[in-house]
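There are 2 protein chains.
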Amino acid sequence: MSARWVYYFGDGEADGNQNLKDLLGGKGANLAELTLMGVPVPPGFTISTDACRHYMEQGDVPPELPSEVQRNIARLEESTGKGFGASEGQPLLLSVRSGAKLSMPGMMDTVLNLGLNDRTAQALARESDDERFVWDSYRRFVQMYGDVVLGVDHHAFEAALSELRDREGVKQDTELSADGLKGLVRTFLDLVEDATGSPFPSDPEEQLWGAINAVFDSWNGDRAMAYRRHHRIPDDLGTAVNVQTMVYGNMGADSGSGVAFTRDPSTGEKVFYGEFLLNAQGEDVVAGTRDPLPITEMERLLPGPYAELLEVQDRIERHYREMQDVEFTVERGRLYMLQTRAGKRTAAAAVRIAVEMVDEGLISPETAVTRVDPEQVEQLLHPGLDPAVEPDQLAVGLPASPGAAAGRVVFDPDDAVRLAEEGEPVVLVRQETSPDDFSGMAVSQGILTSRGGMTSHAAVVARGMGKPCVAGAREIDIHGRDGYFEAQGRRIKEGEWITLDGASGRVLLGRVPTVEPELSEQFRRLMEWADGFRRLRVRTNADTPQDAAKAREFGAEGIGLCRTEHMFFGAERILAIREMILASDAESRRTALGKLLPMQQSDFEGIFRAMDGYPVTIRLLDPPLHEFLPHGDEEMEEMAQAMGRPLLQVKVAVERHREANPMLGHRGVRLGTTVPEITEMQARAILQAAVKVAEEGVSVLPEIMIPLVAVPEEFQRQDQLIRAVAELVFNERGRRVDYLVGTMIELPRAALVADRIAETAEFFSFGTNDLTQTAFGISRDDSGSFLPLYIEQGLLPEDPFRVLDQEGVGQLVEMGTQRGRGARQDLKVGICGEHGGDPSSVTFCHHLGLDYVSCSPFRVPVARLAAAIAALYEADTEAQEEQRLQTVG
Amino acid sequence: MSARWVYYFGDGEADGNQNLKDLLGGKGANLAELTLMGVPVPPGFTISTDACRHYMEQGDVPPELPSEVQRNIARLEESTGKGFGASEGQPLLLSVRSGAKLSMPGMMDTVLNLGLNDRTAQALARESDDERFVWDSYRRFVQMYGDVVLGVDHHAFEAALSELRDREGVKQDTELSADGLKGLVRTFLDLVEDATGSPFPSDPEEQLWGAINAVFDSWNGDRAMAYRRHHRIPDDLGTAVNVQTMVYGNMGADSGSGVAFTRDPSTGEKVFYGEFLLNAQGEDVVAGTRDPLPITEMERLLPGPYAELLEVQDRIERHYREMQDVEFTVERGRLYMLQTRAGKRTAAAAVRIAVEMVDEGLISPETAVTRVDPEQVEQLLHPGLDPAVEPDQLAVGLPASPGAAAGRVVFDPDDAVRLAEEGEPVVLVRQETSPDDFSGMAVSQGILTSRGGMTSHAAVVARGMGKPCVAGAREIDIHGRDGYFEAQGRRIKEGEWITLDGASGRVLLGRVPTVEPELSEQFRRLMEWADGFRRLRVRTNADTPQDAAKAREFGAEGIGLCRTEHMFFGAERILAIREMILASDAESRRTALGKLLPMQQSDFEGIFRAMDGYPVTIRLLDPPLHEFLPHGDEEMEEMAQAMGRPLLQVKVAVERHREANPMLGHRGVRLGTTVPEITEMQARAILQAAVKVAEEGVSVLPEIMIPLVAVPEEFQRQDQLIRAVAELVFNERGRRVDYLVGTMIELPRAALVADRIAETAEFFSFGTNDLTQTAFGISRDDSGSFLPLYIEQGLLPEDPFRVLDQEGVGQLVEMGTQRGRGARQDLKVGICGEHGGDPSSVTFCHHLGLDYVSCSPFRVPVARLAAAIAALYEADTEAQEEQRLQTVG
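Residue numbers (the working numbering), protein chains in the order written: chain A, 1 to 889; chain B, 1001 to 1889.
Rather than coming from a laboratory, the hints here were simulated on the basis of the structure.
The C-beta atom is built at its ideal place from N, Cα and C for all residues, glycine as well.
Among the hints, erroneous ones may be present.
[As the list claims (entries may be wrong)] Cut-off 30 Å, straight-line C-alpha distance, at most; resulting in silico cross-link-like pairs (DSS-like, lysine-lysine):
(1) Lys1651(B) to Lys493(A)
(2) Lys270(A) to Lys344(A)
(3) Lys1171(B) to Lys1182(B)
(4) Lys595(A) to Lys651(A)
(5) Lys1651(B) to Lys651(A)
(6) Lys171(A) to Lys182(A)
(7) Lys1344(B) to Lys1270(B)
(8) Lys1182(B) to Lys1082(B)
(9) Lys1493(B) to Lys651(A)
[Unchecked claim] Looking from chain B toward chain A, a few residues come up when the C-beta cut is under 7 Å (computed):
(10) Met1663
(11) Gly1665
(12) His1666
(13) Val1711
(14) Leu1747
(15) Arg1749
(16) Leu1752
(17) Asp1782
(18) Phe1786
(19) Gln1811
Please construct the entire structure, taking both the sequences and the accompanying hints into account.
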């Protein structure tokens, strides 16, 4: 039997079904399925993606295709009693649409009313008894066909249309006269002939082949190709072509069109929800030129079709076991379904629908979990802007940390602290932030920066704190010393109210009310299911007992990254660390660090108590020491005075610690190597805290983590030092606690020599932020000047600081994991970069067999859900492929 | 037959020979060989490294060892007619020395006179008739044995010795009386008993086993272990123990000791060369307490032994076919050879000896080539300080670029240019240099910086120019604005003369005369042989026609890296590039760049002409644009004025281009991607220049190189652009030239996705400087504060910016090469980092199968020689292993 290129559907019979999406595209497969279900669908046929592939490879359609199309047209004629190109009786008019497996911008969209020419138009006019309808349909056809098939500049058509409106003195196309439209058809036909040098094709068959080829050609159009490259969609998927009998909702008071959802897409409530227009075509509902009515109005206006629609939509939903978005038309009292597909929905609706469908027995808990997009879940946890208020937008920056907050503008972190103490909500506005600003950030409602990207200091810290942040809002121009910033020519003074929407990146003038989130019972149940399915553990990145407690509420199973540097920035503490920096020998350094010891110890005690029963990974001091030194002349003088030292000494120290590339400088384990007293003090603080809380009955599992290791020997040295301190502490206190010593793998070299590092290290935590920076050779702080362009132009599919670059950085994670486990079978491996909370990165970590991911508290539910979905899809590699492609769409 | 643990040598017979270095160590194998040659050697035996391994594994010597040692002692007694521990007749005294395959600091050195106790001392006194000799030998034995075997603090012995000198009122140990020494023996014996709690072992056999075990134990001493770890020497090599009959050069006027070389080690001339002391032991010659005589004096003083020595040394050299360093003793008119080994020599001597030995028919040209250390060769090319002058040293920095030069101190590059134009030799003194300083550096005799490391900007540029540079001289304190620098409390003013010795890092006050190098005919012949053996091509890094010509003289076969950024710094040029930076649209950028086009083109023409017939790899603009902008307020005002722009605009531009980590910022291909006009201009300049010189008959092979590629797509984009420009140029000029487009692999991600990059790229050049920076996460500029400590403490075996880190970065080079060649079989692969001129890195590149290395002009001969040696050793993997270990020693 020869290959089949064309699949018919109509009158309850179909050659295809919903499982043939590869062959028929999503639209074609669903039309076949609906037909098979007995749902009224205008009959038609689908030319398969095989034919498209043949066309791409051979440069022409398969030789059998014309006759197959002809046979199917005949079948349509038979089914409808109409004739394709018939100048007698009813002419058969067709729609032609592309339909790939995945919807894809840049593909040819739709040609309606195909089959019209001067003769069929006359026949239609006779049959429909509605001249205006006929000429309007005809001019629409010529316009669409001219534009998308023949490539005539669409402005030409619009100009002629506008001229006609002027001439007839009307504002809407719907008010144009039949005669006017008839003349317009003529004008359009001439326009096409002028532009193409050939007359508009009047032969319906020629029209049809033109449209089919145009669909195939559009598969390799620039925009579609760029989209596929960007989303890594294979070029050989191809598109199908759907050819379908036209039906008309604009044939009088017994006709209409609408779009509807089987459940409320914003709340998820199980109610039929949608919009409807009497005497209108589908495009009129979408275009918004007339105000559509609520779908319930249809009950009154078209009671019969409405009853049928209610029954049909319910049947479709039960059939697909998924909330559906349907399009329909009523032609002279008769209902036709034109499309069905899974409906888009809010996060809240997704959760409610999934859980209720389980209760209704439609789907399993496994399926319910896969029905919620992890990326959306975070929306549920943060306050949002009150949608009732019309905002006054000043600028749009990067949506760096979600949530909404309002506060008074402050430019200086100290002012932020002062005002916050007075009970004023503040928003800290800075060019960019540094660890110095931590205390000011901690008291602010939100943070706004004019520089920096999604992973700038401000963004990372704000996400960690669960505070809204808009970063890199380049439209605003900050004059902090003069007490104002400018945006859109407006000057916003210190103390004025602004509101940030961290989810969209919008900066709004004034105090826009926000609404607090409420976690639903359904959400709780869904997450409980998810936890039952996942294999990956989910920890959190948290530096304070408050963050730790918050993350625990969100389901964190330990801390994967507790940064200790923020603990050094209190007024008293920074003085001690500065003393250490100025000290000239180990003993004076120890004395200075000794002052920090009790404070650090008490920090750790709080965190251990909050994480009772769970492991806590503490990273030793990481940033270069110059971050603890002042920058300006004034601040240097202050420091000299506060410490009773000559100004020159301070200046020399600042100068000595200045670095050309601090990211690649004297930081991480390099500090512990050159100044082992820091490691000594921190190890002691951690272990003394552990012993103390263990005495209180807390179950404490400290994991001490050495950052920025590149060389196995530097890790070994630190490991020895920590173990020596541990023995001292345990002997002094007369009590031991279990602990691990491990390292971050955040430099390419560490991944390459992971086997040797794992000989000593008991755990690895991939620091994918720095690993991405060094593998790409891109500083996050400086990437704003080129990275956005890279993503825009499709040179990179995603921001690699947000979504783990599996092609490159992922190789290092895989290599590090395999080599590390090769040397130490029970090596605990996790990830603690920003990527720990990104769903596709979590999926990647699951497949690599990592033990856990760690992310900021508000991303914990995202990671839990993503980990569950990864585990559910794992069994079925095809489903996995689906998932990959779905995350694309 | 059971395993043998002990190897005898003496009286012309030996169980071992020179090929058993693994088993007998270097010293033991050579003693056996000399004995077999019939050279007079005091008889003895060697306990093998197998015994040492047994000792390390089992914690005890092999059970058969004691009886084997006993048998060999008996053989020694028979041979010498002396008795071990004999209180009648002549007592047999022994030396015990460690002897591993490689000489290794930290191993037990020597115990002499073993076998003495109160009774054997009496017997020796009777036999030698020299009481003083006996008690001096005895106290030396107790002192050495107490120190190295029993671990008694050597200060205790020295204190007692010093007390005796005071009591006898003498200054030298040689003046002490026999009675005094006899008393000292008693004091030493008591000292040992007090310190160890046991009497000093008087049984010679117990003494011997104590010494043997001490040698074995010293193999695992801290210093020896650290040394092995540092040099990656396997721990299981083990050491041998050499036990040998004592002979004495201090037995009167017919006795003596000496050390000698078979050829002059500083010139290589074929003359017997050495030093000699009458009536003295070997250690006296070395200690320098008496002035040794030239070896020729021995002819007069000990004519018989001298004649024998002359004959023996000649025989030894012919036997080993290598210049030897020998030690000998004459005891009562009888010559004994105590050691022979290959002699250390200067670079000039190495070349002369190797070539003359070929002429003498001793060795092949292949062997001659392997006899010269490539690292030494560079010494021959640079001027050196006149050794006759006593220098006044101000400071020592890093020996960043070899050669010696004197000049007047200048702090400002513009002053350097001005003074140089007036004919004054100048030395530019800066904290660190930047591309801004290029013109000033170019006219200076040498460069001195107080910051930065071996691969700082100053160091790299100076090496490229073949100018001496001392970098990171932290002892000097620069006050450039006040016109002086300080060192050692002395103030050196602008205009004063200083001299730099780039080979040692010394900074000297005043104008020390230098001597120009003269390349010998032997050098020329040696390099010609080397070129015949090597497979790797050697190119040079050169940015000017002058450098290119110089490198060609040194044997460069093309340019592997021509940086274009230096070409942008002339007064006129920088104005144009600044105009481009300030321009707001592509057209104005093109206009500004258009001014640079003719200048760039003429630069390239000069370089192409200088490299007629060889390929020239030109790297497109690499540094971030802010390097072309001024920094200080004053300079910004100047720029604004010169360009007729408002100061604010300049300030905004400077601010906008400021970067937190410029090394990881907006540079390399990221410039060409965001500002394609730069690529357009540079491609045009290169190809127009190529067409122009091709018309003149020059054979031109341009290779256009895109820097800092991380993503295949960014390379593809640039490649398309360059090829489009090329077609335009070829059409305009009516002539085509062949050219390649390739990329640097200098980011870890590029190595990881090298297969995809090679789909488009025609060549790879590993930029191992940046690859090392990103793989390690270490900024060269900032590494000074920790990297030296890492190397000092053995955390890293070498500075990875000088010697390629094969363990880590090497994996990326290998991966990039294999994956690249996997995708494109004929991919041309080279390396153009600093490592291109480092011998061990060149060897690594040879083994990876790279096509070429590229290095600074003065390193070209180094690389040629290293490449030849790598090829010669390749065939023989054992020889290869030797080579690896030799580079360690």
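These are the hints, each one checked on the structure:
1. Lys1651(B) to Lys493(A): holds (24 Å)
2. Lys270(A) to Lys344(A): holds (15 Å)
3. Lys1171(B) to Lys1182(B): Distance ~18 Å between Lys1171(B) and Lys1182(B) Cα, so the pair holds.
4. Lys595(A) to Lys651(A): Judged against 30 Å, a Cα distance of about 24 Å means the pair holds.
5. Lys1651(B) to Lys651(A): holds (25 Å)
6. Lys171(A) to Lys182(A): holds (18 Å)
7. Lys1344(B) to Lys1270(B): holds (15 Å)
8. Lys1182(B) to Lys1082(B): At roughly 23 Å apart (the allowed maximum being 30 Å), Lys1082(B) and Lys1182(B) satisfy the hint.
9. Lys1493(B) to Lys651(A): Since the Cα atoms of Lys1493(B) and Lys651(A) sit roughly 24 Å apart, the hinted pair holds (cutoff 30 Å).
10. Met1663: holds (4 Å)
11. Gly1665: Because about 4 Å separates Gly1665(B) from the closest Cβ in chain A, which is inside the 7 Å limit, the hint holds.
12. His1666: holds (5 Å)
13. Val1711: Hint holds; Val1711(B) Cβ to chain A Cβ min 6 Å, cut 7 Å.
14. Leu1747: holds (4 Å)
15. Arg1749: With Cβ-Cβ at 4 Å, under 7 Å, it holds.
16. Leu1752: holds (5 Å)
17. Asp1782: Holds, because the Cβ-Cβ distance from Asp1782(B) to chain A comes to roughly 4 Å (cut-off 7 Å).
18. Phe1786: holds (5 Å)
19. Gln1811: At 5 Å from the nearest chain A Cβ, Gln1811(B) passes the 7 Å test, so the hint holds.
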